[in-house]
Each structure stands twice: as C-alpha cells, then as structure tokens.
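Sequences and hints are given; from them, build the entire structure.
Residue numbers (the UniProt record's numbering), protein chains in the order written: chain A, 1 to 381; chain B, 1 to 381.
I should point out that these hints are in silico values taken from the structure, not numbers from a laboratory.
Glycine included, each C-beta is placed from N, C-alpha and C at the ideal position.
Mixed in with the good hints there might be a few duds.
Unchecked claim - Derived lysine-lysine pairs resembling DSBU-like cross-links, with alpha carbons at most 30 angstroms apart: (1) B:Lys141 / B:Lys17; (2) B:Lys16 / B:Lys352; (3) A:Lys331 / A:Lys16; (4) B:Lys252 / B:Lys290; (5) A:Lys141 / A:Lys377; (6) A:Lys331 / B:Lys325; (7) B:Lys16 / A:Lys290; (8) B:Lys331 / A:Lys325; (9) A:Lys325 / B:Lys325; (10) B:Lys16 / B:Lys53; (11) B:Lys352 / A:Lys325; (12) A:Lys290 / A:Lys325; (13) B:Lys355 / A:Lys352; (14) B:Lys252 / B:Lys17; (15) B:Lys325 / B:Lys355; (16) A:Lys352 / B:Lys290; (17) A:Lys331 / B:Lys352; (18) A:Lys355 / B:Lys325; (19) A:Lys352 / B:Lys331; (20) A:Lys325 / B:Lys355.
What the hints assert, rightly or not - Computed, partial: chain A to chain B, Cβ under 8 angstroms: (21) Glu121; (22) Gly213; (23) Arg217; (24) Gly264; (25) Glu315; (26) Met326.
There are 2 protein chains.
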Amino acid sequence: MMSTISVKSNAQAAVKKNVIPVIDCDVHPNPRSYEDLNPYLSDYWRDFLTDCKWKGVFPGIPIMAIVANAGHRMDSIPPEGGLGCSSVSFFKEQVTDRYNYANAILFPDSTFMLSASPQHEMATAVASAYNDWQIEHWLSKDSSFRGSVVIASQDPVEAAREIDRVGSHPQMVQVGLSIHSPYGGWGDKRYHPIWEAAVRNGLVCTFHVSVPGGLFRPGPVLGNYYPEGQTNNGLTYQAQINSIIFGGVLEKYQELRMVFVEGGFAWLPNLMYTMDTHWRNLRREVPWVKRPPSQQVREHMWFGTQPFIEPERHEDEEHVLQIIKMIGTNKILFASDYPHWEFDAPHVALAKLPKDIREQILYKNAMELFGLPDPMKSENN
Amino acid sequence: MMSTISVKSNAQAAVKKNVIPVIDCDVHPNPRSYEDLNPYLSDYWRDFLTDCKWKGVFPGIPIMAIVANAGHRMDSIPPEGGLGCSSVSFFKEQVTDRYNYANAILFPDSTFMLSASPQHEMATAVASAYNDWQIEHWLSKDSSFRGSVVIASQDPVEAAREIDRVGSHPQMVQVGLSIHSPYGGWGDKRYHPIWEAAVRNGLVCTFHVSVPGGLFRPGPVLGNYYPEGQTNNGLTYQAQINSIIFGGVLEKYQELRMVFVEGGFAWLPNLMYTMDTHWRNLRREVPWVKRPPSQQVREHMWFGTQPFIEPERHEDEEHVLQIIKMIGTNKILFASDYPHWEFDAPHVALAKLPKDIREQILYKNAMELFGLPDPMKSENN
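Written out as structure tokens, the structure reads:
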C-alpha cells in the first residue's frame, strides 16, 4: 500500500537549518490496540490469540509494579486514545516537529519480548504481523521513518526467513533484538543464521533493553527495586558483548554492525580493557579471536545515549566527557526512548557537551552508520 | 597456642625504607591438605567429611577445565609439597621478603565457596575449623599477618555467632565473604545479622570473587569460555553493590566499611552515576535511601587492584589514571591474589602510575582503612 502523504509533509523536509537536527535511534510505535495486528495474522493465529485473550507484548507487569502508566509518558497517549505513540500525526506534532527530527528509527514497542516466549511458533507469527503493520501504518506514512525487522530469535532459522522476507524494504535499516537472548548468549553458534541474514540484507543488528522472565534470565541478583533493576540493565549488555566477542561472531561476520540502545555506554572503557587483559592472558582458550576485543568493539559497535549518566556532584561532570572520549565521540547515537517515561529531550540531555560532539551524537553518527541523507544538505530545503 | 617466632622475624620489621612497602589485601593460604583441618572439627564432622571423601573448597573444577594447576601458580607449591601457599616460610621467601611487604591480609583460599553449599551445617563447621587453623598456623606465626573471619553466610545467624567467636582476635581485620550471595542479593534483610556482627567487632567486610554453582547464580549469560567468564566477574560486583545501596544497608549500618577484591574497579564511575540517575528519578520507590548512591560508595567502599585494566592500545593508557581519579586515589588497595596465576607483582602492575598514587595504592590506603602501623615509621627499624 503506497503512502498518500506528500514528500513535503515528511519530517526530513521540515528540518530547520539553525537548530541541530536529530536522528532518534529509539522510538517505539504501538498499534492503537493489539487488534490492529489481526489483519496480518493467519486465521489460526488470529483466532488463537483472540480466544486466549492475549494481552500483548508489554513486559514487566506480571513481575513488578513499575512506574505510572506502565512506563508510558502520560502525555504520549494520542487525543483519540489508544496506547502511547500509536498515532503518526500525534507523534510528529509532539516529537519530530518540536525537536527538529531528520529521521526516527522505529522499533515496535516491546516486541523484543517476543523472544522470551517458549511458544516460538506464536512469537514468529506475531513478529511477522508486526512487520506488516509497521510497514503499512508507519513506514509508508512518512519517508523519514526507518524501521526494524521484528523477529522471534528463539527460532533463528525462522527469524532469518523473516529478515529475508521484509529486510529489503527500502526503509528497513536494522534487525530488532532483545539484549537478553532466549538460550545461551548472543555469541552462541545457534544465532549465526540471524547474523548471516542481517549481513545479506545490509541491515544493522540493534539490541534493546528488555526484562527477565520467560526464556530471558536475570543477572546474578534479581533486583528488588525498580531503580536497582534499571541500574542492572547495563550488566546484561556487558555480558552479551563479552559473549559476542569471545564467541568469535565478529571474526566470522566481519561486515556485521551492532547497535546497543538503552543500556548505557559508560561501562564500555572497563569492558574493553578487561576483555583485552583476559584475552592477552587466556587467548589459548579462544584461538578464533584474532583481533583484540577493544578493536572489535571499535570496528563493529555503536551505543545509544539512553540512559545518559548524570553524576550527582558538580565536580564529577567532566567525567562524562572523558568517558565519551574514551569510547570515541563517533560511537554514540542519540536515543530518546519515546514514548517511555525515561524520554530524553535531545537538546536538554546533551546540553553540557561541546557543540561538535553534540552534532555527532544527535545526527552525524547515525547518518553515517545507517547511510541516511545529510539533513543539512537536503534537496527539499 | 602462642607463636614461637620472635618479633624480629616478622615481615613488618624487615621493611626496606628505600622501596615503597606493600600491604597486600588478597593472599590465600591453604592447608597442606584438607586433613590439616581435622583437629578443628568435631568428631561428627571429621568422620562425615572423611567418609564422604570431601574434596575441599576449591571451586570451578566440576564446571570448567581452567588454566594449568587448577589456577595456582606452578611455583607456589612449597618444596615440601602440598597446595599452593601452604607454607608460611616459603610464602615469606617467595613473596613478602622479595616484594617488601609490610602486611599480608589473609583470606583462606576458596573458603568463600562454602557459602554456595546447600549443606549449611557442614559449611558452618568447616568455616569454624578454617578460622582455628588460620589463627594457629598462620596468624600466630607472624605478627604482620592479618586474618579474615571465614563464615558460611547461608545461615546469617550462625555466621554472626562465628564472627563474635573469633572476630576479637587482635589480628582479625575483616569478615571474608563471596561476591555471590547464597540467596537474594547482599542488600537483602536476611544478611543484617552479619553486618551487625562486623560493626560490633570493628571488622571490615571484604567480598572476594567466586564461581557460580550450588546456591550461587550466574549472570544473565553463563560465559562459554574462561576469558569470557573472567570478564563477567565484574558484573556480579556491580549487581551486589547496587543491591547493597538500594537495600539501604549502608543507611542502617553507617559504620560499615566494605572492600571488593578481584572484581576490578573501572566499572565504578558508570555504576555510581547510573545509580545516581535512577535514584533521582525513582527515589519514591526506595525512600530509605537518603544519601546519593555515589556518596555512599565514596564513604563506605574500597576496591582491590586485581585484575588491573590494561588497554591494548598505547594511546589508551592515560584512561587508566583518569578512571582511578574518578573513583578517588584513596579508594584503591593493592591485591596480588597469591598463589593464583593472576598474581600481580606489586611494583610491575602499577609501574605506569605516578609515585604518590602508587604509594597510596600499595600501602597507604590499606594502612588507613585497616588501622595498621605506618611501615615507614615502624619502631622496629
């Protein structure tokens, strides 16, 4: 189905040249309700999900009582009702126009939780429905939007088939994954079909924060409190990058590029140098790891800003810039997490950084990684 | 039993004033064989362990084939045989005299694994035997040695009783714990009796790296390879500090001081600032946490050097000093891990740091924390 919206109305064309444009790498559209997915499901799965009163993919509710409105910004509900971020026009009014967006990279809300389900056939069917819904209701409505191929990674062969089915859509730029893996770590051989399909379709692999439960295991301690659990999110990222590096994934798939959003980034210097130390001492045990781990991180991985570290003491603020420079100013991508409550307004979150680094983080790094047009040179302006 | 060794022979008296002295916060003595513990066990437990051919506390073997000699330096076996670091005189010859030690803080090898055992009565009995053995065979042999109260933390009430039994020994300076907790996180209320006993006896609580298995749970990914597992060790430290802070332990026990050895330290800036961020946003959920998390870390916690981060690229070496300064040069303690293979020779590991910071890390910080005499002003010299 073709979009009926003209080029003039898309966010990219509206970019103001006197304000730094934004490429947001973490936006979570929702259907108005889960019934919107029905047209994209087979009769079998539509009846099955309807009969069992499926509650959708939103995570966490059964485990903990978390912040108000199940984590959605109260004001992200469109005037006509429905879930947060379930209206293209309201999203553009509330976010893309207000903050001078060039592009928004969409990752349908909480679909990374599909990979936690032991019902892998159901998860595979729902992932596929989400992709068709995403293309018809979002990507085709605005040419500045970019999409994520939703997959059920507990069946890597089916996941690869889904990547091949929709990954060639011109607005699809990444495969959307959970930072938790359903079995073993992301470095395990079982996931190779996913990386192969991503490389074959020229897609980045993007890992998003998720919640333990189902097939996803918690860390060494299951946090008792929400701020404790939020702080623990970064641990899973560290363990998975460690698994990917020592599993040899990036030696086998040298074209693979990975993005890690909503798990922070300030743990990266320690992780790189600790992996380097142990690799030097113990490389006899992993002879397939040829390049130093830190080099592999620098060549293959990018990181979202969310959550941004904010030291409590004024005298510690310089540490933020020091840490960003250790990682590389070209490795960090702006990620708002809209419509979730942690939303970072782009020009507020990075206000204390120098302008050249803000430009890199707000749009230049993502523009280069995803091959997007330069919003400052757009022909539409 | 009183020591028969004169004051003149202790390591402290032998400190050379022209070389920076060393206080080593991580030395692991072993019995020559586990039968050495028999005199300190009741008839019941001696017969029980003998009959079931108990293999001792050394961890890891059933889970992974790790480095040569089960992780002990090959040259740490005394000439007369036995386990690594099982002879006081050989330890002094190989380590304390050679590296100009003022003090060695002992933590009987792998006894932190006792807390992983579901047989908590057995673990409690063995912990107690280790303490009596440690006092008789090590502490009483050299007045420069300091000891750790070994406990079985899966029974916190019995553990507190053991701390009260031997914690007042003049050379006991800390309670020895595993970074893995047997149930829940270290922030759980169940462990309050341990912290109370530590404060009551004026002891630091020191957490040492351990191995998942038994009651200890692994992280979100159980690493497939040894360098991957070594890198994952730091994740458990981060999760446990997070649990301690948000559980309110340091608000309730304001005199408590904690040391974290063999889990690294370079992840700390990220952890402090991430906890601060989430505490500011979500403190309604943890009203008992009054002080910012980073302030609690700075007031209550110290960190061992082992493993020291070693960046692969020459141009990244300045990051090590930057990170140490973020944490505070007064918070890091030298830890060799003798007789384990990761042993860091004190003057090599820190060679690239400025002299004033090397002095802080090699002895001054530990001297202040543990209330040890200043080796440069020793009356014996």
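Consistency of the hints with the structure:
1. A threshold of 30 angstroms between alpha carbons decides the hint, and for lysine 141 of chain B with lysine 17 of chain B the separation of about 24 angstroms falls inside it, so the pair holds.
2. Among the hinted pairs, lysine 16 of chain B with lysine 352 of chain B is consistent with the structure: their alpha-carbon atoms are about 22 angstroms apart, no more than 30 angstroms.
3. Among the hinted pairs, lysine 331 of chain A with lysine 16 of chain A is consistent with the structure: their alpha-carbon atoms are about 25 angstroms apart, no more than 30 angstroms.
4. Distance check on the hinted pair: lysine 252 of chain B and lysine 290 of chain B sit about 11 angstroms apart at the alpha-carbon level, within 30 angstroms; holds.
5. For the hint pairing lysine 141 of chain A with lysine 377 of chain A, the CA-to-CA distance comes to about 23 angstroms; that is within 30 angstroms, so the pair holds.
6. Under the criterion of a C-alpha separation no larger than 30 angstroms, the hint pairing lysine 331 of chain A with lysine 325 of chain B is consistent with the structure, at around 24 angstroms.
7. In summary, the hint linking lysine 16 of chain B to lysine 290 of chain A is not supported, as the alpha carbons are separated by about 44 angstroms, beyond the 30 angstroms threshold.
8. Taken as a hint, the lysine 331 of chain B and lysine 325 of chain A pair is honoured in the structure, with Cα atoms around 24 angstroms apart against an allowance of 30 angstroms.
9. Between lysine 325 of chain A and lysine 325 of chain B the CA atoms are separated by roughly 16 angstroms; this keeps the pair inside 30 angstroms, and the hint holds.
10. Using a Cα cut-off of 30 angstroms, the hinted pair lysine 16 of chain B and lysine 53 of chain B is violated, with the two alpha carbons roughly 46 angstroms apart.
11. Simply put, lysine 352 of chain B and lysine 325 of chain A have alpha-carbon atoms about 21 angstroms apart, close enough for the 30 angstroms limit, and the pair holds.
12. For a cut-off of 30 angstroms, the pair hint linking lysine 290 of chain A to lysine 325 of chain A stands: about 25 angstroms separates their Cα positions.
13. Distance hint between lysine 355 of chain B and lysine 352 of chain A is unfulfilled; the C-alpha atoms sit about 34 angstroms from each other, more than 30 angstroms.
14. Only pairs whose Cα atoms come within 30 angstroms are accepted, and lysine 252 of chain B paired with lysine 17 of chain B is rejected, the gap being roughly 42 angstroms.
15. Between lysine 325 of chain B and lysine 355 of chain B the CA atoms are separated by roughly 14 angstroms; this keeps the pair inside 30 angstroms, and the hint holds.
16. A distance of roughly 27 angstroms separates the Cα atoms of lysine 352 of chain A and lysine 290 of chain B; the hinted pair therefore holds under the 30 angstroms criterion.
17. Between lysine 331 of chain A and lysine 352 of chain B, the direct Cα distance comes to roughly 28 angstroms. Compliance with the 30 angstroms bound is thereby established for this hinted pair.
18. The straight-line distance between the Cα atoms of lysine 355 of chain A and lysine 325 of chain B is roughly 26 angstroms, inside the 30 angstroms bound, and the hint therefore holds.
19. Annotation: proposed proximity of lysine 352 of chain A to lysine 331 of chain B holds, straight-line Cα distance about 28 angstroms (limit 30 angstroms).
20. Distance restraint check for lysine 325 of chain A and lysine 355 of chain B: the Cα-Cα separation of roughly 26 angstroms lies within the 30 angstroms cut-off, and the hinted pair is therefore satisfied.
21. Evaluation of the glutamate 121 of chain A hint against chain B yields a violated restraint, the C-beta minimum of about 25 angstroms exceeding 8 angstroms.
22. A distance limit of 8 angstroms between C-beta atoms decides the matter here; for glycine 213 of chain A the minimum to chain B is near 12 angstroms, and the interface restraint is violated.
23. Proximity of arginine 217 of chain A to chain B holds as hinted, the smallest CB-CB distance being about 6 angstroms (cut-off 8 angstroms).
24. Taken as an interface hint, glycine 264 of chain A checks out: its beta carbon lies about 6 angstroms from the nearest beta carbon of chain B, inside 8 angstroms.
25. Interface hint status for glutamate 315 of chain A: violated, as the beta-carbon distance to the closest one in chain B is roughly 11 angstroms, over 8 angstroms.
26. Below 8 angstroms, beta-carbon pairs count as interface contacts, and methionine 326 of chain A has one with chain B at about 5 angstroms; its hint therefore holds.
This entry does not satisfy hints 7, 10, 13, 14, 21, 22 and 25, going by the numbered hints stated previously.
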